[in-house]
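**Student:** Here's the letter readout for the chains.
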Amino acid sequence: MTVLDSKVPEGPIEKKWTKHKNEINLVNPANKRNIDIIVVGTGLAGGSSAATLAELGYNVKTFCFQDSPRRAHSIAAQGGINASKNYQGDGDSDFRLFYDTVKGGDYRSREGNVYRLAEVSSNIIDQCVAQGVPFAREYGGLLDNRSFGGVLVSRTFYAKGQTGQQLLLGAYSAMNRQINRGKIQTFNRHEMMDLVLVDGKARGIIARDLVTGEIERHSAHAVVLASGGYGNVFYLSTNAMGSNVMAAWRAHKKGAFFANPCFTQIHPTCIPVSGDLQSKLTLMSESLRNDGRIWVPKHKKDAEAIREGKLKPTELGEEDRDYYLERRYPAFGNLVPRDVASRAAKERCDEDYGVNKTGQAVYLDFKAAIERYGKEKAFISGHKNPGKEEIIKLGEEVIESKYGNLFEMYEKITDQNPYKTPMMIFPAVHYTMGGLWVDYNLMTTIPGCYATGEANFSDHGANRLGASALMQGLADGYFVLPYTIGDYLSDDIRTGRISTDTEEFEQAEKEVKERVQKLFDAKGKNPVDYYHKKLGKIMWDKCGMSRNVPDLEKALEEIKELRDDFWANVRVTGKQGTKNAELEKAGRVADFLELGELFAKDALERNESCGGHFREEYQTEDGEALRDDENYRFVSAWEYVGNPRDAKLHKEELIFENIELKTRSYK
Amino acid sequence: MKLNLKIWRQEDAKDKGGFQNYKVDGIDGDMSFLEMLDVLNNTLVEEGVDPVEFDHDCREGICGSCSLQINGEPHGPDRRVTTCQLHMRKFKDGDDIVIEPFRATAFPVIKDLVIDRSAFDRIQHAGGYISVNTSGNTQDANSIPIEKDNADDSFYAATCIGCGACVAACKNASAMLFTAAKVSQFALLPQGEVEAHERVLSMVDQMDKEGFGNCTNTGACEIECPKGISLENIARLNREYLGASFSG
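Protein sequence lines, in the order shown, are assigned to chains A and B. Heads up: the first sequence begins at 79 in my numbering, then just goes up one per residue. Heads up: the second sequence begins at 1315 in my numbering, then just goes up one per residue.
Simulated from the structure, these hints should not be mistaken for lab results. Mixed in with the good hints, there may be bad ones.
Heads up, simulated BS3-like pairs for lysine-lysine below, C-alpha to C-alpha not over 27 angstroms straight-line [what the hints assert, rightly or not]:
no., chain 1, residue 1, chain 2, residue 2
1, A, Lys435, B, Lys1404
2, A, Lys435, A, Lys261
3, B, Lys1337, A, Lys601
4, A, Lys490, A, Lys390
5, B, Lys1316, A, Lys611
6, A, Lys653, B, Lys1328
7, A, Lys490, B, Lys1337
8, B, Lys1337, A, Lys611
9, A, Lys490, B, Lys1404
10, B, Lys1337, A, Lys455
11, A, Lys332, A, Lys378
12, A, Lys471, B, Lys1462
13, B, Lys1337, B, Lys1316
14, A, Lys653, B, Lys1337
15, B, Lys1316, A, Lys261
16, B, Lys1523, A, Lys435
17, B, Lys1404, B, Lys1328
18, A, Lys663, B, Lys1337
19, B, Lys1328, A, Lys490
20, A, Lys726, A, Lys632
21, B, Lys1328, A, Lys591
22, B, Lys1328, A, Lys663
23, A, Lys603, B, Lys1316
Bear in mind that the values here come from a model prediction, so they are computed numbers and not experimental data.
Take the sequences, apply the hints, and build the full model.
**Tutor:** Shown next as structure tokens:
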């Protein structure tokens, strides 16, 4: 085992980034014209990286499997983006955002990276406004804020429930400008199938044109992976259907260490599973917890009656409801971090208080908020004695203006009106904090291969706070990577174009082609989805919201068996030389079947509970996560050596100089 | 429920294509339209038949990947939804459903129900941006207050998901609503005003080059738009275009 060097600069935390920027090597503008960079993935992290790199003068090639960069799954992020602007004057600061993020991540993230994230957060908002991102505003014309979980200030900027969409379109517009200048070349409907190393450095990729099926070689001086997370290893998640781990996993197999794979975020407020043939889960933004109150019936008999359809939630009096988050966590109430809220929901449902047909749901109720807002609005409009109906009408209008699209989405999916009856929600896989290990420069353990956004592991520790994913994606892409990459590329100014006509590219292409052929050759009887669903079930049942040794050991075996069965019995229809969705899925599921095993191993070897990783063996008397700072205050970075389970562990010790390690409490 | 599907199959852009009939069974009202197609496809794979290709990704109505002309309407019979959010409860047992790709010269078919919408991207490349550097040296976000109504209207225009339903709904296959939404988003903000003239001229020029038809104000686009993008945007685009043409 080697000790990993994070390359976090020396000096006081608030000076590190400035000092680093002052000291790293730069590439002069004339030389940037001779340097090519490949960016894989065009979500917030990839789109913003591509735009800024091109603006600085590099030649950028972007790759995405969607038909347009604008469709990357960042588009689906709903609630908002954090920044320590302190526009509300409620005591926010860079330090507080840094502190909240480290604490929210249960002290498993790297101080230096997180502070830098907080430091550049305000700049993101300035940048996006300048680009024409239409954030929500108050009547005075200034930007509005709201609160998210795990914090005591109001620092979240938003555009209704479509913040991700607006930010991604902003990043895409910045890309458009560079595409129009000829500085970005886009390869849409392309999938990265492998990373190509020349003399140990990342020098290109092998990609498949998803329309023609052609296997192509693309070279560059550096490769940036902004390919998102791997939540789809669970089959059902809030990720897009196409979200996959292929780019990151291929890099892992070529030498990039994979960090903390078991750190997964299970989001507390998603629409519950409705049937066996369901293909994905839909999130209801965390912002709803600003105004929604979460509850289950206080008595089991009522829960049972509700499940059987004999009782309506609206018929249940206040005294018969258990607002369990407000009861257990009076200080943060409904706005506890996601991992805490999810486990609390699971606990209630496991105890038989769950509410929909399956018993796997809790209520998110807006009645109190509608009344409160209604009264306020009536008062402002001069109605001193408004009737109940008027209060409700006015209150619903306020809720509509804040969350209209989310309520509409809920109604479309469930056929229930959430203004009149509480929403039913349940936790679902949403985000993966784990990812490729990167140093302070966002470089993986492969020289010249970078990872940004959800694809890397660096900023969220064992649990990500709401509205921080958008912040990290854009921080990495607009403000961090474009500078740190110069330090590496400054050695490449005399390299010249990288030829694809070399043995290394030849070999990588050959391997990709063989792998594709192997998928067709299985000629079995089971569709790809059959395996993906089975894998998802193993992951959810044994590596999900709470984990224990026997389950994880079983998961390791079951995943391996499933993988062997996949390669022997999968059926991939169609041809290689054409658009072929089954083939695309097969390649992605094949990688999930390997990643899943590493995931289980990581969970098994981390003998503590922290953030989203809850090991039943390690909990306090009242069921809270029990960390072990003495033995597990490190990042687990896994090196591929053959079978996923044989991966070799490397540790990065986490040093806390600015924040005192404490038991996380939201009570 | 059981359904009779009539689906457009086309091997590639060159193939002439044609309809094929399929039956699906065991469809539940809570399933989405695309989950119904998943069921069909898994049956086809088991039978060794090439499954039906269709575009989809987020399955929550925001990425704009899914398309489909269902019984003659873009995104099917429901209003304000994309195909991925269309639920089978809108159909009855025994229904016949005709599924085609969006039809427009500027959206050639790639395979089956998958179409090439890169024309939309090229319209955006032509001017769908504000020329500001992304290196972070911008002024404070609150230094220019923006009237809430303008900010809100800009936002509503910006919620366009670029799915192409407006083009598919239009008898002229016009892309005016899409282009107008993009032009409006920027035109309504002080940050976008500076380049407003150049933007509208370049984007409309590109739109014409792509082979989209002209707008004859039938309003079908607004009705079929899953995000309810308003015709007002087309009026604004016309004003912007006229103003820009005169000022040169």
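**Student:** Give a verdict on every hint.
**Tutor:** Verification of the hints:
For the proposed pair Lys435/A and Lys1404/B, the alpha carbon gap of about 22 angstroms is at most 27 angstroms, so the pair holds. With a C-alpha separation of about 54 angstroms, the suggested pairing of Lys435/A with Lys261/A is violated against the 27 angstroms cut-off. At most 27 angstroms may separate the alpha-carbon atoms for a hinted pair to count; Lys1337/B and Lys601/A meet this at roughly 25 angstroms. Among the hinted pairs, Lys490/A with Lys390/A is consistent with the structure: their alpha-carbon atoms are about 20 angstroms apart, no more than 27 angstroms.
For a cut-off of 27 angstroms, the pair hint linking Lys1316/B to Lys611/A stands: about 24 angstroms separates their Cα positions. Under the criterion of a C-alpha separation no larger than 27 angstroms, the hint pairing Lys653/A with Lys1328/B is consistent with the structure, at around 17 angstroms. Proximity of Lys490/A to Lys1337/B is assessed by CA-CA distance (about 26 angstroms); at most 27 angstroms being required, the pair is judged to hold. Among the hinted pairs, Lys1337/B with Lys611/A is consistent with the structure: their alpha-carbon atoms are about 24 angstroms apart, no more than 27 angstroms.
Between the alpha carbons of Lys490/A and Lys1404/B the distance comes to roughly 11 angstroms, so the proposed pair stays at or under 27 angstroms and holds. Under the criterion of a C-alpha separation no larger than 27 angstroms, the hint pairing Lys1337/B with Lys455/A is inconsistent with the structure, at around 54 angstroms. A distance of roughly 53 angstroms separates the Cα atoms of Lys332/A and Lys378/A; the hinted pair therefore is violated under the 27 angstroms criterion. For the proposed pair Lys471/A and Lys1462/B, the alpha carbon gap of about 22 angstroms is at most 27 angstroms, so the pair holds.
At roughly 7 angstroms between alpha-carbon atoms, Lys1337/B and Lys1316/B fall within 27 angstroms of each other, so this suggested pair holds. Among the hinted pairs, Lys653/A with Lys1337/B is consistent with the structure: their alpha-carbon atoms are about 24 angstroms apart, no more than 27 angstroms. For the suggested pair Lys1316/B and Lys261/A, the alpha carbons sit about 52 angstroms apart, so the restraint of at most 27 angstroms is broken. The straight-line distance between the Cα atoms of Lys1523/B and Lys435/A is roughly 54 angstroms, outside the 27 angstroms bound, and the hint therefore fails.
Only pairs whose Cα atoms come within 27 angstroms are accepted, and Lys1404/B paired with Lys1328/B is rejected, the gap being roughly 35 angstroms. A C-alpha spacing of about 24 angstroms is found between Lys663/A and Lys1337/B, which places the hinted pair at or below 27 angstroms, so the restraint holds. With a C-alpha separation of about 38 angstroms, the suggested pair Lys1328/B and Lys490/A falls outside the 27 angstroms cut-off, and the hint is violated. Taking the CA atoms of Lys726/A and Lys632/A, the gap is near 20 angstroms; set against the 27 angstroms cutoff, the hint holds.
About 26 angstroms separates the Cα atoms of Lys1328/B and Lys591/A, which keeps this hinted pair within 27 angstroms; it holds. Straight-line distance between C-alpha atoms of Lys1328/B and Lys663/A comes to about 25 angstroms, which keeps the hinted pair within the 27 angstroms bound. For the hint pairing Lys603/A with Lys1316/B, the CA-to-CA distance comes to about 25 angstroms; that is within 27 angstroms, so the pair holds.
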